[in-house]
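Read top to bottom, the protein sequences are chains A and B.
Read in order, the letters of the first sequence correspond to residues 1 to 247 in the working numbering.
Read in order, the letters of the second sequence correspond to residues 1 to 365 in the working numbering.
Because the hints were derived from the structure by calculation, they are not lab data.
On a predicted model such as this, the values are computed, not experimentally measured, just so you know.
All residues carry an ideal CB built from backbone N, CA and C; glycine is no exception.
One thing to keep in mind: the hints can contain errors.
[Unchecked claim] Here are the computed lysine-lysine pairs in the DSSO-like style, where the Cα-Cα straight-line distance is at most 30 Å: (1) A/K77 to A/K16; (2) A/K246 to A/K77; (3) A/K6 to B/K191; (4) A/K242 to B/K72; (5) A/K16 to B/K72; (6) B/K188 to A/K77; (7) A/K242 to A/K77; (8) B/K72 to A/K17; (9) A/K16 to B/K188; (10) A/K124 to A/K16; (11) A/K6 to A/K246; (12) B/K188 to A/K17; (13) A/K6 to B/K188; (14) A/K6 to A/K242; (15) B/K191 to A/K16; (16) A/K77 to A/K6; (17) A/K6 to A/K16; (18) A/K124 to A/K17; (19) A/K17 to A/K6; (20) A/K77 to B/K191; (21) A/K77 to A/K17.
[Claimed, not checked] Computed far set for chain A versus chain B, every beta-carbon distance over 12 Å: (22) M1; (23) I33; (24) S187; (25) A216.
[What the hints assert, rightly or not] Residues of chain A clear of chain B, computed beta-carbon distances all greater than 10 Å: (26) L4; (27) F20; (28) V99; (29) A106; (30) L146.
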Amino acid sequence: MITLIKLEITRALRNKKFMFFTVIYPSALFLVIAGTSDTTSLVPHTHLTMPLYYMVAMASFGSLTAVLMGNSERIAKERESGWVRQLRLTALPGRGYVVAKIASAAVATLPAIVVVFVVAAAVKDVRLDAAWQWLALTGAIWAGSLVFAALGVAIGYLASGDAVRPLTMIIYFGLSILGGLWSPTTSYPQWLQNISDYLPTHAYAALGQAIELGGAPHTKDIALLVGYLVLFAGAAAWLYRKDTRKA
Amino acid sequence: MPGAVVRLAQGCPAGTVTSVMPRPRPLTLPGRAALGEAWAMTATTAQSAPGTSAGSGRAEASASAPVVAFEKVNKSYGSMRAVADLDLTLHQGETVALLGPNGAGKSSTLDLLLGLRTPDSGLVRIFGTTPRQAIEGGRVGAMLQSGGLMEEVTVQELVRLACDLHPLAHPVRQVLEEAGITDIADRKVNKLSGGQEQRVRFALATAGASDLIVLDEPTTGMDVSSRQTFWAAMRAQARQGRTILFATHYLEEADEIADRVIVLHRGRVLADGTSAEIKAMAGARRISFELDEPADEAGLRALPHLTGIEISGRTVRMRSSDADATVHALYGLGVYPRGIEVAGLGLEQAFLTITDAATAEEAGR
Ligand SMILES: Nc1ncnc2c1ncn2[C@@H]1O[C@H](COP(=O)(O)OP(=O)(O)OP(=O)(O)O)[C@@H](O)[C@H]1O
Ligand SMILES: [Mg+2]
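Could you build all of it, start to finish, from the sequences and the hints given here?
Okay, structure coming up:
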């Protein structure tokens, strides 16, 4: 089990494309979007400056990429290739495969978050009031990514072959844009904002934003995320069992 | 007991006095009733008493439960009956080939055995436990027909994973060596040739001291020399007392390594015996002729190497595993056969004959 997790991590770290999209891409995007804006003006209807807003948004985006893309496509591919079947012929417990996938995605998530923070602090002079905020931010974004890891597993067991990538992409961009990871939702029409308020990505970014303002995350956001986690994990477990039955 | 003699001569090369003395098994032909007397005489080589269990050093495996037991197992995909009422028992130390054409149900049978699929009805047991329990106990190693491998890792990393997951693992180096992949240990798994990949799969199946090794068409994609090396590795496993079950399309392959061959067709067992017996059956020749006067039945039936005989008036049709000897003896009877014809009967034809009879029987019901 530990070997499997280690090997999955090694694989993820070796995969240059994967590392580019999870680690470099969010930081680059941060520089592009926040780079041109001035560092003091506030994002409308928030108390956050542009760099602060985008730092959390991009860290969330990076970890979303790592866990969603990493899990869904790989699981679907390995289900098809027969590797999942081969693993079922070992003493590895049935859920071991999924656990290893989530664990390795979680490890790949960490650099995605930290690199965005480092770039933000170094290039855009982002400062938080207290050191605990950095830690809390990292922890919250990291823990929150679990929701999307479960979603990734569910997609991996739901779709197969050519369908995985488009499906993942639609969900990925849909959640990123509508949830306000790329631009503040306050600029959206009201009806869209109403939808956005209930998306997991919106609640996810809100966790970090609350911490940046020196407070604790809102109960509503946490409740939403827990709800989504239960939903996605339930779906993943159900799809997993269905897949195992039909071998 | 001719079967056993043949087996010894083939299965155990000179000098290897193995601890594994394959249990002599009678050749059984479930379809016999349908075939009339055509195959009936094969029984002459058969009736051996159920022998004592193979003497082997692996005490834990010689418990009373057979290695593999299928009891009235059925599996359908929609209306397609892939495995039909399958009864099968494997004993410790046997090397068994599962032979059959495409779609015969070989992979389905092995999937059921390994617990990758659940039977619609019937019972599958390995060492008296469920397949999953046997796998968790490290008693089964397996290689699938379409077994994908983890990509972006090296051969050695993958084999190490298999060893780590095996409760009774061998050292990684030994596994690499036995599978003949030491020289490609540092290569990436997704950059291997088909034959090399097969050997990596074999390494995964033999990562630990499993009592039962299951292989689905293991030599697909291998060249001749790889095949030879592969079978040498296979034999080494068999010599250690393991029970081996492998699926194949090739009679030759079954012959080279198996001491028991099970012929599967449309999910049913058509024949079950030593490779020599199956080969004789497949290689049997049909002899037909007419006699001037009514036949001396007793004399004809006593001809050597007969596997079947049909006498209607003066017309005689028979089947022989050694047509030359049979014809020679026929002349020795002092009769004058007219229009004598000797025709070969390949494996494919043997299959067809049996299945047609089986289908006819089903239709007649
Ligand atoms: N997942 C499936 N869904 C529907 N039908 C299936 C499935 N798997 C196998 N079959 C059918 O069941 C029958 C037996 O297939 P199986 O794979 O067991 O044959 P096989 O003896 O292994 O053949 P081969 O030599 O080609 O590997 C075939 O007719 C096949 O088409
Ligand atoms: Mg097959």
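Verification of the supplied hints:
For the hint linking A/K77 to A/K16, the alpha-carbon distance of about 18 Å falls within 30 Å, and the restraint holds. Between A/K246 and A/K77, the direct Cα distance comes to roughly 17 Å. Compliance with the 30 Å bound is thereby established for this hinted pair. For the given pair, A/K6 sits about 21 Å from B/K191 by alpha-carbon distance, which is consistent with the 30 Å threshold. Taking the CA atoms of A/K242 and B/K72, the gap is about 25 Å. The hint holds against a cut of 30 Å.
A hinted pair counts as satisfied when its Cα atoms are at most 30 Å apart, and A/K16 with B/K72 does not qualify at roughly 52 Å. At most 30 Å may separate the alpha-carbon atoms for a hinted pair to count; B/K188 and A/K77 meet this at roughly 18 Å. Distance restraint check for A/K242 and A/K77: the Cα-Cα separation of roughly 17 Å lies within the 30 Å cut-off, and the hinted pair is therefore satisfied. Proximity of B/K72 to A/K17 is assessed by CA-CA distance (about 51 Å); at most 30 Å being required, the pair is judged violated.
A C-alpha spacing of about 15 Å is found between A/K16 and B/K188, which places the hinted pair at or below 30 Å, so the restraint holds. Simply put, A/K124 and A/K16 have alpha-carbon atoms about 27 Å apart, close enough for the 30 Å limit, and the pair holds. Between A/K6 and A/K246 the CA atoms are separated by roughly 29 Å; this keeps the pair inside 30 Å, and the hint holds. The straight-line distance between the Cα atoms of B/K188 and A/K17 is roughly 17 Å, inside the 30 Å bound, and the hint therefore holds.
Between A/K6 and B/K188 the CA atoms are separated by roughly 17 Å; this keeps the pair inside 30 Å, and the hint holds. A hinted pair counts as satisfied when its Cα atoms are at most 30 Å apart, and A/K6 with A/K242 qualifies at roughly 27 Å. Taking the CA atoms of B/K191 and A/K16, the gap is about 17 Å. The hint holds against a cut of 30 Å. Using a Cα cut-off of 30 Å, the hinted pair A/K77 and A/K6 holds, with the two alpha carbons roughly 20 Å apart.
A hinted pair counts as satisfied when its Cα atoms are at most 30 Å apart, and A/K6 with A/K16 qualifies at roughly 17 Å. For the hint linking A/K124 to A/K17, the alpha-carbon distance of about 26 Å falls within 30 Å, and the restraint holds. In summary, the hint linking A/K17 to A/K6 is supported, as the alpha carbons are separated by about 19 Å, within the 30 Å threshold. Note on A/K77 and B/K191: the hinted pairing holds, with a Cα-Cα distance of about 17 Å set against a maximum of 30 Å.
With a C-alpha separation of about 16 Å, the suggested pairing of A/K77 with A/K17 holds against the 30 Å cut-off. Listed as outside the interface, A/M1 is inconsistent with that label: its C-beta sits roughly 8 Å from the nearest C-beta of chain B, within the 12 Å cut-off. The beta carbon of A/I33 is kept farther than 12 Å from every beta carbon of chain B, the shortest such distance being approximately 32 Å. With a minimum CB-CB distance of about 41 Å to chain B, A/S187 clears the 12 Å threshold, and the non-interface call stands.
For A/A216, the shortest C-beta to C-beta distance to chain B comes to about 41 Å, beyond the 12 Å cut-off, and the non-interface label holds. Under the 10 Å C-beta cut-off, the non-interface status given to A/L4 relative to chain B is violated; the minimum distance is some 6 Å. Listed as outside the interface, A/F20 is consistent with that label: its C-beta sits roughly 15 Å from the nearest C-beta of chain B, beyond the 10 Å cut-off. Consistency note on A/V99: stated as away from chain B, and its beta-carbon is indeed over 10 Å from all of that chain's, at 14 Å minimum.
With a minimum CB-CB distance of about 19 Å to chain B, A/A106 clears the 10 Å threshold, and the non-interface call stands. Its beta-carbon lying about 24 Å from the closest one in chain B, A/L146 satisfies the requirement of being farther than 10 Å from that chain.
Figure legend: structure checked against the earlier numbered hints; hints not met, in rising order: 5, 8, 22, 26.
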